[in-house]
Amino acid sequence: MAFRRPESVLIVIYDAASRVLVLQRQDDPDFWQSVTGTLEHNELPWETASREVAEETGIHIETHSLQLIDCGCTNQYVIRDIWRHRYPPNCRYNTEYVFALQVTGDEVIKLTEHLSYQWLDKHQAIDKVWSDTNRAAIIKFVPDAGEQRCR
4 MAFRRPESVL IVIYDAASRV LVLQRQDDPD FWQSVTGTLE HNELPWETAS REVAEETGIH
64 IETHSLQLID CGCTNQYVIR DIWRHRYPPN CRYNTEYVFA LQVTGDEVIK LTEHLSYQWL
124 DKHQAIDKVW SDTNRAAIIK FVPDAGEQRC R
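One gets this note's numbering by counting positions in the sequence shown from 1 and adding 3 to each.
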């Protein structure tokens, strides 16, 4: 088994009403999150983000003429013990690159890696997601309902 690269992306997907898409993990049903994924060999963060959105939701950014926003935010966190075997020996930390994606909300979500999904208002999503970095990204990068964001 090849080890995972200790670099990943987090993509917060939201619509014009500031509803946030959250996904329920298969390997831990209590763990709700935004789209995430590990960078593959020679892959850049924005490439991973685009690929993961398509793989996990069925939304193809280019096909729908959507704009993936690099939030310019990088997090580092301790890899959960239950997932550490996936990474090189003695690797304890993961670097996470944060992106945001505003969608129309009319896209059909096609799950391939998760049990379920929900569209939640910003504050419900903040309460629902498991990780601190996911909460921080929703707080910082999803506008409050009715607020306009610069692109």
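Quick caveat, the hints were computed from the structure, so don't treat them as lab data. Some hints could be false.
[To be verified] Here are the computed lysine to any residue pairs in the SDA-like style, where the Cα-Cα straight-line distance is at most 25 angstroms: (1) 143 / 76; (2) 125 / 40; (3) 125 / 21; (4) 113 / 93; (5) 125 / 9; (6) 143 / 9; (7) 143 / 18.
Checklist entry - When the hints from earlier in the document are held up against this structure, which numbers fail? => result 4 and 5
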